[in-house]
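Protein chains: 2
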Amino acid sequence: MGLTIVVERTTAHKAKPAIDQLSFGKYFTDHMFIMDYDAGKGWHHPRIVPYQPILLDPAAKVFHYGQTVFEGMKAYRTPKGQILMFRPYKNLQRLNRSNARLSIPSLDEGLVMEALRQLIKVDEDWIPAEQGTSLYIRPFVIATQATLGVSPSEQYHFIIILSPVGSYYEEGINPVSIYVESEYVRAVTGGVGNAKTGGNYAAGLKAQQEATDKGYSQVLWLDGVHRKYIEEVGSMNVFFKVGDKVITPALNGSILDGVTRDSVIRLLKHWDIEVEERAISIDELVEAYRSGLLQEAFGTGTAAVISPIGELNWQGDKLTLNEGRTGPVAAKLYDFMTGIQRGAIEDPFGWVVEIK
Amino acid sequence: MGLTIVVERTTAHKAKPAIDQLSFGKYFTDHMFIMDYDAGKGWHHPRIVPYQPILLDPAAKVFHYGQTVFEGMKAYRTPKGQILMFRPYKNLQRLNRSNARLSIPSLDEGLVMEALRQLIKVDEDWIPAEQGTSLYIRPFVIATQATLGVSPSEQYHFIIILSPVGSYYEEGINPVSIYVESEYVRAVTGGVGNAKTGGNYAAGLKAQQEATDKGYSQVLWLDGVHRKYIEEVGSMNVFFKVGDKVITPALNGSILDGVTRDSVIRLLKHWDIEVEERAISIDELVEAYRSGLLQEAFGTGTAAVISPIGELNWQGDKLTLNEGRTGPVAAKLYDFMTGIQRGAIEDPFGWVVEIK
Numbered sequence: 081m082g083l084t085i086v087v088e089r090t091t092a093h094k095a096k097p098a099i100d101q102l103s104f105g106k107y108f109t110d111h112m113f114i115m116d117y118d119a120g121k122g123w124h125h126p127r128i129v130p131y132q133p134i135l136l137d138p139a140a141k142v143f144h145y146g147q148t149v150f151e152g153m154k155a156y157r158t159p160k161g162q163i164l165m166f167r168p169y170k171n172l173q174r175l176n177r178s179n180a181r182l183s184i185p186s187l188d189e190g191l192v193m194e195a196l197r198q199l200i201k202v203d204e205d206w207i208p209a210e211q212g213t214s215l216y217i218r219p220f221v222i223a224t225q226a227t228l229g230v231s232p233s234e235q236y237h238f239i240i241i242l243s244p245v246g247s248y249y250e251e252g253i254n255p256v257s258i259y260v261e262s263e264y265v266r267a268v269t270g271g272v273g274n275a276k277t278g279g280n281y282a283a284g285l286k287a288q289q290e291a292t293d294k295g296y297s298q299v300l301w302l303d304g305v306h307r308k309y310i311e312e313v314g315s316m317n318v319f320f321k322v323g324d325k326v327i328t329p330a331l332n333g334s335i336l337d338g339v340t341r342d343s344v345i346r347l348l349k350h351w352d353i354e355v356e357e358r359a360i361s362i363d364e365l366v367e368a369y370r371s372g373l374l375q376e377a378f379g380t381g382t383a384a385v386i387s388p389i390g391e392l393n394w395q396g397d398k399l400t401l402n403e404g405r406t407g408p409v410a411a412k413l414y415d416f417m418t419g420i421q422r423g424a425i426e427d428p429f430g431w432v433v434e435i436k
Numbered sequence: 081m082g083l084t085i086v087v088e089r090t091t092a093h094k095a096k097p098a099i100d101q102l103s104f105g106k107y108f109t110d111h112m113f114i115m116d117y118d119a120g121k122g123w124h125h126p127r128i129v130p131y132q133p134i135l136l137d138p139a140a141k142v143f144h145y146g147q148t149v150f151e152g153m154k155a156y157r158t159p160k161g162q163i164l165m166f167r168p169y170k171n172l173q174r175l176n177r178s179n180a181r182l183s184i185p186s187l188d189e190g191l192v193m194e195a196l197r198q199l200i201k202v203d204e205d206w207i208p209a210e211q212g213t214s215l216y217i218r219p220f221v222i223a224t225q226a227t228l229g230v231s232p233s234e235q236y237h238f239i240i241i242l243s244p245v246g247s248y249y250e251e252g253i254n255p256v257s258i259y260v261e262s263e264y265v266r267a268v269t270g271g272v273g274n275a276k277t278g279g280n281y282a283a284g285l286k287a288q289q290e291a292t293d294k295g296y297s298q299v300l301w302l303d304g305v306h307r308k309y310i311e312e313v314g315s316m317n318v319f320f321k322v323g324d325k326v327i328t329p330a331l332n333g334s335i336l337d338g339v340t341r342d343s344v345i346r347l348l349k350h351w352d353i354e355v356e357e358r359a360i361s362i363d364e365l366v367e368a369y370r371s372g373l374l375q376e377a378f379g380t381g382t383a384a385v386i387s388p389i390g391e392l393n394w395q396g397d398k399l400t401l402n403e404g405r406t407g408p409v410a411a412k413l414y415d416f417m418t419g420i421q422r423g424a425i426e427d428p429f430g431w432v433v434e435i436k
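In order, the protein sequences belong to chains A and B.
Each step along the first sequence adds one to the number in the working numbering, with nothing skipped, and position 235 is 315.
Each step along the second sequence adds one to the number in the working numbering, with nothing skipped, and position 169 is 249.
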């Protein structure tokens, strides 16, 4: 490697928001990490600097051709005062898989981990300790070359910003109502649905907005080919408890390989609950609901961890799950996952990494 | 409207590039147009300022969730010294259709046209006059709100930049070789394929790169559902001459409603050449080729105008079209379209708009 991270500390610390004002991704810490890429030179000049606006040419490719990737991670303050991260290497591996899909040069995962460590330490006073809070970490890459030809950029910024957060949903762990989307499609096999890139999120905004207007929190996405297989819920992976089993869509190339998804599958198996990863049609779910077998549904993701679903609206039919309350599997997963993440429950998997 | 465009002229004019150095989207003029949007306030503060970098918070939504749209237009210097634009209102209408799809607030098309007029006049010395050159115009919208929740931004910039350009392809009007893509998918019905948004272009980079590595200029995209119907070529619409007819994929929701595409259809009909807009499978094309009926293929778009295709590679089979040379229909269209655009041929359709 040989690259040394240069640290320039701020002289003007910002006021920290009150804990009950945090919400999600609204406040940012005093510092950020930034590193540049130039063709022929590679990634270079890694540095921690005061959080500040970035200056880009209006022709920068990120503004025109969406060549971006990002990750979402969290750091937690334990009751004993330690700082923990949850499976950070999984996120960094996925970051590089996203980079490959978007024709962005690969990042040195060891260097990025060291950048995370140093940045979090510099801003460690910003990590909230209250139950349900954490420091959200947003690494991202943007294409900065100022030319309009449609081709991979020859210049990039890799940036990490940090945001103290409360619960992703204002409802907290309370169940959300979900609209099953039949008009819009998020992604399709052969596309970029399994990469964490801006275009996937842009593609979902309109459906999200229309669902919100109808009184729903998120949409449940169906596949783009048959328009019947379950993909994701909002920007989370999704699980269903049907009878004694838990089922979740298989990684088919159009959904995200979620770190929380993988952890939930491993946890359920650890608890001897049968888990199936396979294609799940909306018809199968409706049938399971009618016969009383569909007991729970929940989304999984870094931001919300576990997000129980209280109602599914499928073409006007309202499917109420577990009487609209958080189900026992979702509750147990949420308690265990957040317990491990916050260091309150012993981690049997070696998932948590202490930041020293 | 009531909004007045404020003009701040530069005091430091840039050196203009030599005509043979232009290429595409590499040099930018002395000024740019910018206007801001804030929720509750609407679009405001339209202004022409010296071309300059823009300053954005690293949490700006454009960097994370790809909420962007753009347009591509051209202005031409006629032999008599007039400045002409080609069907600009069609582009502005499409810009607003893209805005609607991406949950971006609508722009006042009259105000944008006035901004284009004033900006082009301020930088009119930058419009090259040589055959094959023009002033490329790039209007675009980016989401600037600095929060990480996945939802439509409450703040935007609308920007117009100008770039004197030569031919899009270094080959000029010479035919290009095209790789028919069977692994990657650009867009699918229900997605954002018919909006001019960054994510569609990001999704195409990897396939483009692999095609380039194999010695091809662009890819021919197949649909994401059946993986057999023709969609677009690179970032252009595509036409085929089969027997006495010209055929092009119908607007199915996943391809762009190209202004050049529409103009070509109207021109062909004007010349009494039969045009069909419908689903076209790759199998149909291969069959037409084998029976000697597939005479020409060409892409259409603002940047390249008409781009003849000399070869199609479909799963290793090389289909050579018109002996690899520009076909008569493509040549006639190119000459007529660029002739109208440059004011060298009288415009029978009322398409050109003089900028005064």
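There could be a bad hint or two in this list.
Chain copies aren't distinguished; within one or between two, either way the pair holds.
Said to hold, decoys possible - As a list, the in silico DSS-like pairs of lysine-lysine whose alpha-carbon atoms are at most 27 Å apart:
| # | residue 1 | residue 2 |
| --- | --- | --- |
| 1 | K106 | K121 |
| 2 | K294 | K121 |
| 3 | K106 | K170 |
| 4 | K286 | K121 |
Derived by calculation from the structure, the hints in this document are not laboratory data.
Against the structure, the hints come out as follows:
| no. | hint | result |
| --- | --- | --- |
| 1 | K106 x K121 | between (35 Å within a copy, 21 Å between copies) |
| 2 | K294 x K121 | between (51 Å within a copy, 25 Å between copies) |
| 3 | K106 x K170 | within (25 Å within a copy, 38 Å between copies) |
| 4 | K286 x K121 | between (40 Å within a copy, 21 Å between copies) |
Violation of the numbered hints given earlier is absent; every hint is satisfied by the structure.
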